[in-house]
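Residue numbers (the working numbering), protein chains in the order written: chain Y, 1 to 669; chain L, 1001 to 1293; chain A, 2001 to 2183; chain S, 3001 to 3436.
Keep in mind that the hints are not guaranteed to be accurate.
In silico DMTMM-like cross-links for lysine to aspartate or glutamate, where the CA-CA straight-line distance does not exceed 25 Å [unchecked claim]: (1) Y:Lys517 - S:Asp3033; (2) A:Lys2019 - L:Glu1289; (3) Y:Lys123 - S:Asp3058; (4) A:Lys2086 - Y:Glu456; (5) Y:Lys396 - A:Glu2016; (6) Y:Lys220 - S:Asp3058; (7) A:Lys2020 - L:Glu1169; (8) S:Lys3435 - Y:Asp583; (9) A:Lys2086 - S:Glu3351; (10) A:Lys2020 - Y:Glu433; (11) A:Lys2086 - Y:Glu464; (12) S:Lys3348 - L:Glu1169; (13) A:Lys2086 - L:Glu1289; (14) L:Lys1245 - S:Asp3334.
Bear in mind the hints are in silico, worked out from the structure with no lab data behind them.
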Amino acid sequence: MFYPLRLTIYDSRIMKKLGVFICHCGVNIAGTVDVKSVAGKVGSVGDVAHSTDYIYMCSEPGQQLIREAVREKGLEGVVVACCSPSMHENTFRKAVKSEGMNPYLCEIANIREQCSWVHQKEKEKATEKAEEIILATLEKVRENEKLEAISVSINRSVLVIGGGIAGMTAALDLAEGGYEVILLEKEQALGGHMTQLSRTFPDLHPALPDLLTKALEIEKHPGIDLHCYSEMEDVKGYVGNFELTIRKKATHVDWEKCNECGLCIRDCPVEYVSQFERGLGVRKAIDLLYPQSVPHKPVIHRSHCRYFIDGSCRRCEEVCPEKAIRFEQEDERIGKKVGAIVVATGFELYPRERLGEYGYGEIPDVIDGLALERMLSVDGPTKGRIIRPSDGKVPKEMVFIQCVASRDPDRYMPYCSRICCMYTAKQAKIYKEQVPDGQPYIFYMDIRSDGKGYEEFLQKTIEEKGLLYLRGRVSRVFQDDGKVRVLGVDTLTGRMVEVAADMVVLATAVVPSDGVKDLAAKLRATVDRHGFWTEAHIKLYPVESSTKGIYLAGCGQSPKDISDTVSQASATASKIQALLSTDKLLQDPLIAFVDENICSGCGICVEICPYEAREMDSQRGISVVHSALCQGCGACIAACPNFACELRNNSSIQTLRMLDTFVTAGARE
Amino acid sequence: MGSIMDYLYFPGCTLYTKAKNLDQTARNCSLLLGFELKELPNWTCCGATFPLATDNIMALLPPSRILARARQEGTTLTTLCAICFNVIKRTNRLIQNDGEKREKINNFIEMNYQGDLRVLHYLEILKQEIGFPQIKERVRKPLAGLKAAAYYGCMLLRPFDEMGFDDKERPTLFEEFLEAMGAEPVDFPYKIECCGSFQSVGSPEVATECGYKILGSAIKNGAEVVVSTCPMCTFNIDHKQSDIKQKYLDFKSIPVLYFTQLLGMAMGLDYQTLGFEQNFVDPLPLLKEKGFI
Amino acid sequence: MEAITEMNKMDATFLEEAKKRSGEDLSLCYQCLKCTAGCPTAPIMDIRPNNIIRMIQMGMKQEVLGSSAIWLCVSCETCGTRCPNKIDIGVLMDALREMAIDEGIHAKEKNIHLLHEAFIDSIRRGGRVHEATMLIDYKLRSKDFLTDLVPGMMLFMKGKIPLLPSLVKGRGEIKRIFERCKK
Amino acid sequence: MKENGKFIKRAMVIGGGIAGISASIDIGNAGYDVVLVEKLPSIGGRMLQLSETFPTLDCAQCTLTPKTVETGQHPHIKLLTYSEVDRVEGKAGNFTVKIRRKAAYVDWEKCTGCGLCQEKCPSKKPSEFDRGMGMGKAIYTLSPQAVPNKPVINPSNCRYFLEKKCRVCEKVCPVGAIDYEQQDRFVEERVGAIITAVGIDLIPKETFGEYGYGTIPDVIDGLAFERLNSASGPTTGAIRRPSDGKVPKEVVFIQCTGSRDPERYMPYCSRVCCMYTAKHARLYKHKVHDGQAYIFYMDIRSTGKGYEEFIQQGMEEEGILYLRGRVSRIFRDDGRVVVWGVDTLTGKKVEISADMVVLATAIIPQGGTKGLAQKLGINTDEYGFFTEAERKLRPVETNVEGIYLAGCAQGPKDIADAVAHANGAASKVQGLFAKH
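This is chain Y alone, in the form it adopts within the complex (with noise of 0.2 Å):
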């Protein structure tokens, strides 16, 4: 085995004058470990100065403690036995700092997570341990270095992925905050799916106008540069830095020029069946997402214009007062500079193609929840008014069932939807509206009414409406002499029951938008099995993404109503701008290095490195580390086959001596 030769100064250990404090963290440590006899061994190691230990380390009394240490005792390296780095890492850091102490000579020894929880019942074994993690510590403590944080200029605008609800609160927030934001919409129109919603609950507001408004007011925000029908194709660099690449999908309008006359949609010959109206309506080949949207600027779509398919048509062409159209228009790239990334991609409903149940897709009056809603909806396909699909007539018998695809672990989705309890109260409310000779069924598994307002807007409901809630899941839905049969059974008598319904309502999951997982990616960052975003820690850093400089908002991170998704895009916006307040980044220094000498250039690391952080200095020859963009992570310092690449404070050294204290400690047992 070869070794570099910095090894074989191995044995030549360095002696600081250090000081260990050890925490009880209440009984979490204390109740397993012997604190004090850990401390008493681990003071009598040589040039351990100072050793002792304390109820709770992180307490304003605890880090006096470790302050008057360092301070009249001269210090020079300090090992704090406690919980995770994650935790209190800052704090004690912080502590000898504010001391004059170089905040980098102070580590962690988790003496919690990584013993006294895992090892309760074996107290003596644990205390070992213990003390055999601090002592390691303190030989990493031995060859630490003084650091200081990489300072990275950052840029002081923020992509915000997705102009729905979400993406459009952030935005606002920040640009009002006084930030440049680049707002990305893949849609040609703001809004996402609440521009689908006919009236949203607890309180029956309309959901377009306020949504409008908005909209409206993020069209023309001097701070805003809108992106809609855009994709993001690449990112590259790092908070502070990110490098992006656009796409912006040929609209084959110029909108620009088009002065929203209306006259190519008017006379566009080509109608197809509309996503956006859930299959319940029809929209032209050049047309407008929906009547109010915002920008209001129609886009050709191509895989339905005549002139595409087969060069037939020019017609919107012809009509165009103002020569707007562009058949010949191209998607285009643009490259943009942001300092941080906001991802507010959404939902989507559980794919009708994928739900083998309850006749979706193949009985024509079982529809879903949006589609409902389009229904809903005064300028939706049928202008507010409820009707079968299948021969427009009024429905009598209505079936509504949620928990579809939703807390189905073994077949569809494990979690809980979270708005379907809602929603299908609000849709059987407006529907005994409509028709108040109707009887609406919900089929439910437990009634979920939890956010402020909710149960009163359902008992209200029910006791008003007359609503009949079915506790328990629907096992079949067939058609059967023009009606839809659901058999299921009501858990509170216990009996089977069957309805013969005219119309049946799913609320199918809510699952994350199509392509996460490719932005995901990109943008490095992490999805959970569902695909919906995962946040750095559920309570400490709810909105940051695991990687750094991305933040979540919305659906995309799991399920929420409108307020919530509000508040969530607020919270988002909010660390967003204490991030981009100061002009400079500080970053831990605790990243790669390449000893020049030895290096030979071979470039595997630049391979290797999964953030770009590695680069060959063609001049000299060598690999050297663009500090920003390193995380420390370490995968270079292992593919290097000269053992040119190091860890700053986190050397081979420190880990083989770190390993050696318990290597020694096996073998004296």
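With chain Y held as given, fit chains L, A and S onto it using these hints.
Just chains L, A and S now, kept in the frame of chain Y:
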């Protein structure tokens, strides 16, 4: 002694029959306490259940008639039987608050009653009009050392909004009364539970079960005697003790007394006037043992 | 196997009628079972109190009105005292009993029904309840001469039930009221 | 202080719970000065009382203390604890807030937080912070990790104030910080925006007659159970029932106590009880392996991320028995706590003779919320929760410009939602400041 007060008194059917001892002792005690129960002339049955269905005017008529008659005689009506009290008080409240019903009822009974009568239970008279401390002063033979469990049952307490007798879940009025008698009140969880009511006729096993639980709980908590206000309850928990014994072999009998019997005893009335012979489980051995008689 | 309940064939007016006659808002029921949990007679009911409400909501008129449960309720009001929506099932049961009588639906628990009738008749005759005649009347109606005979006998022995009904002056008036109400 | 003309770019946050802390840190991190007003002696709020938090079962203090410590050390945050808002004047950009600084009877400038006074104080009373599960001293801090770590004297419990004798704390204090003569004093702060994050309370125990709450010692509420469970609590995390200190083998948890009870208590859903009860039952099972946990519920409301899975785990892996329905009555019998409910599956009445009952009582606004609303000129609903400008699109704003809402004072929420709500409010403040 102060001036003699009169209270209009509605005895109710059972107090003339099965619960004569309740009636008699109450009348006698009131004299000792300085007031008189003036029996409502020509009273009829109260109907025994407060008619609950909204359009059941018919069942409201007997109690309404009683109230209307009573109003011609005075301003305060008192009762002893918890069921009668419940029915009459609730009817009174209904007449007071529901103009529509009031008109209907008055049409039927061909009288004009506005619901302005005070309806008080005898216990309420004792507490509010006389005062427990005052009664305590007049106790001649304190029932020292008698562990007595106060059984409220349903009718005094519920429905709470209409009866307003005491706390609906943790009533203490009855215990305060026992304390004034010098007895030692025993708290037991079943004091507010139902005795099975008229199911003792239709489904006697329910009443037996209820009685067993109520008495068992009282005994477990150290009671030597259970005290009741209601002839129906007393029937179920006193007279039915033979049934309980038949079903539960380990069950030990416990005397059940009307509260007025205790009151009379404490006030120094001769025990032979207290109607103990009407009690199904003979309380005399216990009372003798305690030295009260 | 139990028959499937066809929701469309349910009597939708039953809920409205029960609401109207009881004055209780039955739609509000949470089905939280607090009523049943505290009910002294629930153990012997064929349909438990919460399910009575449920079945009314589902329009199961025949089953509800034909149940013994409605005759087993003793109006102890425990349910109403604790119900989060203040649905007084005692009140409801009374309304259901009336509806059952009106509809001529024979109760499973016919004895209780008969007891109620015997009771009413006793008042009608004498103005007050006379237990002996009432009991005899009840026994005759129910043709059940055995149960309760023993305690009944003992009551007689103890002289608690007077053998002759006491007559009150107002009884003519009471009779008249009953006559008028019957119309 | 950043001042631009007359518009003061400095914010006040009222309430130092997790919502107030989160809002303060955000605004502070953006470079604006913040005055954080807390009525208790230290910050942390209700979360300080919790043991572990759902759905991860992280220890609450472990997630909270990094935030409280950061708040305490933040260069832009000024802490005014043991203080209450007395009067508010002015408008957005220029509020003048008069604050009552309650007499602590300890000179916090001198106090070093050594803790000797608390150790030696002879007066013990059931601690409100521990929900009566343990004893507290007359001179106290809320927790060993209190920020700031300065004690106060509770005069209603202190022998000196009650009987004019004792003075033990004064004698033992090495720096002479005890000051019995201290009086409330008033300070004024000028700020441009105000966030109210005054948090919640639980419905008072006197109200639940049928559950024997307040009279049966072994019937406790959720927060009391948190204290029992808490490693820093009175039993150092051991589950022992209050009456006799025994380990309870059968524990009944009852949800919707006072919530969803429109005719008698609160009509609304308190939003957190389903999850914390599931958590309680699981924590109980972790500590008492042979114990049985029963949960009475109406609907299981586990709508947050990972919540449904958390409930399922509790049912499947820990064998927690869920019974759908409310309990009619609870009473004490022979040292046991008897619970009357219904078994959902059979529909029959059941009687559980339990060792302990935990009630998930309704969340209500903190006392004084309505009074504060009046001072601020903002609205509350009939229950006393602050009313937002618009339910969906303006959930953190009020009808008054420059005054914002954060956390449960607007309506019950779990920690994650309260933090998001608070950060949202902070964002609005930053927007307001940036505009001027």
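Do the hints match the structure? See the list:
1. Y:Lys517 - S:Asp3033: Roughly 40 Å between the alpha carbons, so the hint for lysine 517 of chain Y and aspartate 3033 of chain S is violated.
2. A:Lys2019 - L:Glu1289: violated, 56 Å
3. Y:Lys123 - S:Asp3058: holds, 22 Å
4. A:Lys2086 - Y:Glu456: Roughly 15 Å separates the two Cα atoms, so the pair holds.
5. Y:Lys396 - A:Glu2016: holds, 18 Å
6. Y:Lys220 - S:Asp3058: Violated. Lysine 220 of chain Y to aspartate 3058 of chain S sits at ~45 Å, over the 25 Å cutoff.
7. A:Lys2020 - L:Glu1169: Violated, because 30 Å separates the two Cα atoms, which is more than 25 Å.
8. S:Lys3435 - Y:Asp583: holds, 19 Å
9. A:Lys2086 - S:Glu3351: Holds, at roughly 23 Å.
10. A:Lys2020 - Y:Glu433: Holds - the C-alpha atoms of glutamate 433 of chain Y and lysine 2020 of chain A are around 22 Å apart, at most 25 Å.
11. A:Lys2086 - Y:Glu464: Holds, at about 17 Å.
12. S:Lys3348 - L:Glu1169: holds, 23 Å
13. A:Lys2086 - L:Glu1289: violated, 48 Å
14. L:Lys1245 - S:Asp3334: Distance of about 23 Å is within 25 Å: holds.
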